[in-house]
Amino acid sequence: MRKLALSDEILMTIEKPARYIGGEVNSVMKEADDVDIRFLMCFPDVYEVGMSHLGIQILYDMLNKREDTWCERAYSPWPDLDKVMREKNIKLFGLESQESADHFDFIGITLQYEMCYTNILQMIDLSGISVYQKDRKNDDPIVIVGGPCAYNPEPIADFIDIVYIGEGETVYGSLIELYKKHQGKDYDRNSFLREAAKIPGLYVPSLYDVEYNDDKTIASFEPKYDDVPRTVLKQVVTDFSKTTYPEKPVVPFIKTIQDRAVLEIMRGCIRGCRFCQAGAIYRPTREKNLEDLKRYAIEMIENTGYEEISLSSLSSSDFTKLPELLDFLIEEMGKRKVNISLPSLRIDAFSLDVMSKVQDIKKTSLTFAPEAGSQKQRDVINKGLTRDIILKGARDAFIGGWTKVKLYFMLGQPFETYEDIEEIAKLSEAISEEFFDAVPKDQRKGMVEVGASASFFVPKPFTPFQWAPMDTMESFTNKAHFVKDKFREQLNKKRLKFSYHAADVSLLEGILARGDRRLAPAIYEVYKNGGIFDAWGEYYSHERWMEAFEKYGIDISFYLTRERADDEIFPWDFIDAGVTKRFLLNEWKNAKKGIVTPNCREKCSGCGAARFGSGVCFKNET
Amino acid sequence: MKLRIKYAKYGSLKFIGHLDVMRFFQKAIRRAGLDVAYSQGFSPHELITFAAPLGLSVTSEGEYFDGEFNSVTTTKDMVKRLNEQMVEGMEVLDVRLLKKEAKTAMAVVSASDYVVYIKSGYLNDKAELLFNSFDAFMSSDTIEILKKSKKTEKVVDIKPMIIKAAVFPFDGIDGLSKEYLGERDHEKGFFMFLKTGSEENLKPELVMEAYCKFLDIPYEPHAFSVHRLETYMNDGESTVPLYMAGEMISDE
Chain S
1 MRKLALSDEI LMTIEKPARY IGGEVNSVMK EADDVDIRFL MCFPDVYEVG MSHLGIQILY
61 DMLNKREDTW CERAYSPWPD LDKVMREKNI KLFGLESQES ADHFDFIGIT LQYEMCYTNI
121 LQMIDLSGIS VYQKDRKNDD PIVIVGGPCA YNPEPIADFI DIVYIGEGET VYGSLIELYK
181 KHQGKDYDRN SFLREAAKIP GLYVPSLYDV EYNDDKTIAS FEPKYDDVPR TVLKQVVTDF
241 SKTTYPEKPV VPFIKTIQDR AVLEIMRGCI RGCRFCQAGA IYRPTREKNL EDLKRYAIEM
301 IENTGYEEIS LSSLSSSDFT KLPELLDFLI EEMGKRKVNI SLPSLRIDAF SLDVMSKVQD
361 IKKTSLTFAP EAGSQKQRDV INKGLTRDII LKGARDAFIG GWTKVKLYFM LGQPFETYED
421 IEEIAKLSEA ISEEFFDAVP KDQRKGMVEV GASASFFVPK PFTPFQWAPM DTMESFTNKA
481 HFVKDKFREQ LNKKRLKFSY HAADVSLLEG ILARGDRRLA PAIYEVYKNG GIFDAWGEYY
541 SHERWMEAFE KYGIDISFYL TRERADDEIF PWDFIDAGVT KRFLLNEWKN AKKGIVTPNC
601 REKCSGCGAA RFGSGVCFKN ET
Chain W
1 MKLRIKYAKY GSLKFIGHLD VMRFFQKAIR RAGLDVAYSQ GFSPHELITF AAPLGLSVTS
61 EGEYFDGEFN SVTTTKDMVK RLNEQMVEGM EVLDVRLLKK EAKTAMAVVS ASDYVVYIKS
121 GYLNDKAELL FNSFDAFMSS DTIEILKKSK KTEKVVDIKP MIIKAAVFPF DGIDGLSKEY
181 LGERDHEKGF FMFLKTGSEE NLKPELVMEA YCKFLDIPYE PHAFSVHRLE TYMNDGESTV
241 PLYMAGEMIS DE
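Residue numbers (the working numbering), protein chains in the order written: chain S, 1 to 622; chain W, 1 to 252.
Hints in this document: simulated from the structure, not taken from any laboratory. Ideal Cβ placement from N, Cα and C applies to all residues, glycine included. Do not take every clue at face value.
If you want the ones that stay clear, here's a sample from chain S, every Cβ over 12 Å from chain W, calculated [unchecked claim]:
#1 Asp8
#2 Glu24
#3 Asn89
#4 Asp125
#5 Lys137
#6 Lys180
#7 Gly184
#8 Lys185
#9 Ile218
#10 Asp227
#11 Arg295
#12 Glu308
#13 Asp360
#14 Ala369
#15 Ser475
#16 Phe618
Partial list, derived from the structure: chain W residues whose beta carbon lies under 8 Å from chain S [stated by the list, open to error]:
#17 Ser12
#18 Phe15
#19 His18
#20 Arg31
#21 Pro44
#22 Ser57
#23 Glu88
#24 Gly89
#25 Ala166
Using the sequences and the hints given, assemble the complete structure.
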């Protein structure tokens with residue numbers, strides 16, 4: 001029997017001990033002596049969140065398919081255990097072997113959202129190595145990070161050995177082979193890192209120098225040595241039929257956020273919404289092969305025993321083989337009594353038909369994401385959705401028996417006026433009126449409910465809005481109150497609801513998203529003062545962050561509310577994400593003028609992603 | 001067809017709670033390809049129900065659940081197929097076919113027996129006292145404990161819920177499989193046969209707490225491991241293990 005890292009006494013005094021014992025169905029056990037490489041894959045959030053993440057399952061499976069590598073998992077210890085580990089000097093450990101982090105060659109951490117940065121420091125610190133990269137010892141494990149936030153890793157660059165830019169399926173093999181060459185008694189950490197920097201897609205922050213202008217903008221961003229590349233090219237999977245997919249994902253004992261089998265059908269998005277970072281960094285859009293997907297779906301269900309399967313992509317309605325795939329799933333999953341959890345689909349006759357087949361209409365609500373209230377503003381953000389399409393979709397749904405509608409909006413977008421946001425209330429009212437108009441009184445099975453919610457827009461790197469000033473917290477609050485009042489003025493106000501998210505967390509997200517290396521000491525300060533689990537409202541302290549920024553003389557308006565010059569050097573400019581800065585700048589100018597850019601299938605707009613030679617950029621999409 | 005499935009839960013799986021064990025078996029049955037019956041509706045679920053829930057940190061070799069199946073094979077085949085889907089810490093021991101009119105395990109549970117033992121490294125100076133005074137404790141006419149609920153506190157006599165309890169060497173306990181036990185320094189423990197179920201239910205931890213009070217020593221909950229040996233029902237005449245309600249299915 002495996003010996004657990006934590007004693008019974010500890011496990012019985014913390015919440016949900018099952019988070020820390022490993023041993024789940026399909027988790028991989030190997031003999032430590034039989035492998036060359038031990039990799040600890042970390043998710044800087046609690047187990048239930050981390051176990052729901054598809055990317056980790058893909059990489060875990062891929063690395064464990066290698067005979068020379070044993071990949072284990074670790075998740076952020078919840079504050080109750082975090083405290084115990086510090087008191088008793090217990091190190092972070094792999095769930096599989098239950099051995100501490102110092103037994104590992106690599107500590108990989110995924111960067112899914114800015115609010116987990118303090119948890120990254122928590123995981124590094126609990127591993128028993130120096131938080132700052134420059135202080136690490138020769139034999140310390142290599143800390144490598146990847147994921148969407150790696151597209152601006154600069155705020156945390158000082159804590160990281162290697163940043164992986166792009167999709168994990170591509171260059172881990174080369175990195176592991178290189179490491180094996182360096183392993184042994186002459187192992188030198190710095191020479192390994194220097195060589196790793198030459199692998200396409202791998203960025204080693206310690207090998208670059210940054211100079212600043214008097215106005216605090218970046219003057220230069222240069223490699224320290226001639227053999228270190230000036231730009232780092234994003235790595236993408238160019239042929240999904242040849243890449244690995246986890247047919248045997250790990251099945252947690254406890255209920256997690258995503259408690260089902262997940263089938264990724266497509267990567268990338270053709271839409272080009274100007275606020276959306278994922279839509280830019282995952283370009284080009286690449287569909288998976290229908291026959292492969294059918295096989296994966298069956299294999300995953302048979303290997304996990306899950307009662308539910310869901311589809312994953314940025315915009316599932318744009319998957320060209322969706323009708324065929326759903327027909328197959330309805331038939332095959334029905335036989336196996338497996339529910340199909342639909343992704344949010346564009347509301348039209350097809351999706352309404354599918355939904356009525358797999359869901360209980362009475363219990364589900366329809367979701368629209370107009371993002372903006374007025375057509376002018378939807379053109380600014382390039383959301384290719386018109387008022388007519390929304391109203392028609394809602395009308396069809398009401399006739400089909402649905403009564404609940406959810407609407408997602410963002411406040412604080414570039415060029416937004418009070419007239420634009422008033423339209424949020426008016427659009428919600430118009431949707432409710434469709435119900436009364438479309439469904440005769442005697443056929444109404446319930447009463448219409450329209451729930452609109454607004455979040456605070458945060459400009460992100462590699463989007464046309466990377467130049468945009470972020471709205472102030474005061475302005476956001478005023479706007480939210482204004483919209484709330486406008487809802488009260490509507491005729492069907494009793495059938496409408498409006499809610500909005502807290503703004504302080506968005507503010508911090510804004511600073512970290514477009515931040516640079518000068519933020520590092522403040523992040524460390526927050527961590528030292530007890531800041532972890534910032535993504536969890538109950539643990540987030542806005543004050544703690546503001547004090548840390550003040551202590552290190554960080555002017556937050558520099559990162560948030562300033563409009564950037566067209567030719568400013570951004571901290572993330574060293575990354576070549578395929579999508580060019582010239583294209584993004586052009587899109588920024590189109591946004592100002594409200595000019596709509598067609599989606600990738602209508603017309604190629606020359607964003608630059610075609611250089612990867614795959615996907616929608618070419619006629620044979622798959 | 002109704003089946004009654006007996007299983008053991010041990011090792012690190014003692015930290016998996018009752019609801020998660022149910023979810024684990026729902027998935028295991030599907031992976032094993034057993035022909036379980038489902039409820040109707042948009043979200044069909046497996047028709048299985050569990051017997052007496054086991055507390056967190058307690059191990060057991062006498063756990064049960066009942067399930068409705070559309071078709072069955074043999075006991076041997078189903079035990080094998082389920083065990084291919086188990087993880088370390090979970091083992092299927094028996095599958096029995098119940099009579100059509102049999103009541104669910106949950107409804108008929110009346111008693112369980114346990115062995116409580118001292119964990120390795122704990123209570124070194126008190127072990128002898130604990131082992132030697134138990135008979136004296138058990139010969140008390142009443143064993144009163146203070147039962148606290150949210151609003152009320154009342155004194156309850158737990159003695160009538162103890163069917164039998166004594167210190168035994170492990171080798172003298174019928175049906176105990178020592179491989180399921182955790183680390184310990186003594187090869188003996190407190191055997192307890194206690195009432196279990198919806199009407200009367202006594203946990204062995206409560207007996208140990210009362211015993212420590214009797215000895216006037218502090219009760220250290222983490223010092224003891226609890227292992228359930230078997231779950232029983234009353235078939236009208238006598239108290240028998242739950243599996244006795246069903247028949248083994250053989251090839252003939």
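Results for each hint:
1. Asp8: The assertion about Asp8/S is violated, with a minimum of 6 Å to chain W.
2. Glu24: violated, 7 Å
3. Asn89: Its Cβ never comes within 12 Å of chain W, the nearest being 19 Å, so this holds.
4. Asp125: holds, 26 Å
5. Lys137: Lys137/S is indeed farther than 12 Å from all Cβ atoms of chain W, at 32 Å.
6. Lys180: holds, 31 Å
7. Gly184: Check passes; 34 Å lies beyond 12 Å.
8. Lys185: Holds, because the least Cβ-Cβ distance between Lys185/S and chain W comes to about 36 Å, which exceeds 12 Å.
9. Ile218: holds, 50 Å
10. Asp227: Nearest chain W Cβ is 48 Å from Asp227/S, so the label holds.
11. Arg295: Per Cβ check, Arg295/S is outside 12 Å of chain W; nearest 17 Å; holds.
12. Glu308: Answer for Glu308/S: violated, closest chain W Cβ roughly 8 Å.
13. Asp360: Not fine: 4 Å to the nearest Cβ puts Asp360/S too close to chain W.
14. Ala369: holds, 25 Å
15. Ser475: Nearest chain W Cβ is 44 Å from Ser475/S, so the label holds.
16. Phe618: holds, 40 Å
17. Ser12: holds, 4 Å
18. Phe15: Holds: closest Cβ of chain S sits about 4 Å from Phe15/W, inside 8 Å.
19. His18: At 12 Å from the nearest chain S Cβ, His18/W fails the 8 Å test, so the hint is violated.
20. Arg31: holds, 4 Å
21. Pro44: holds, 5 Å
22. Ser57: Holds, about 5 Å.
23. Glu88: Holds, because the Cβ-Cβ distance from Glu88/W to chain S comes to roughly 6 Å (cut-off 8 Å).
24. Gly89: holds, 6 Å
25. Ala166: violated, 25 Å
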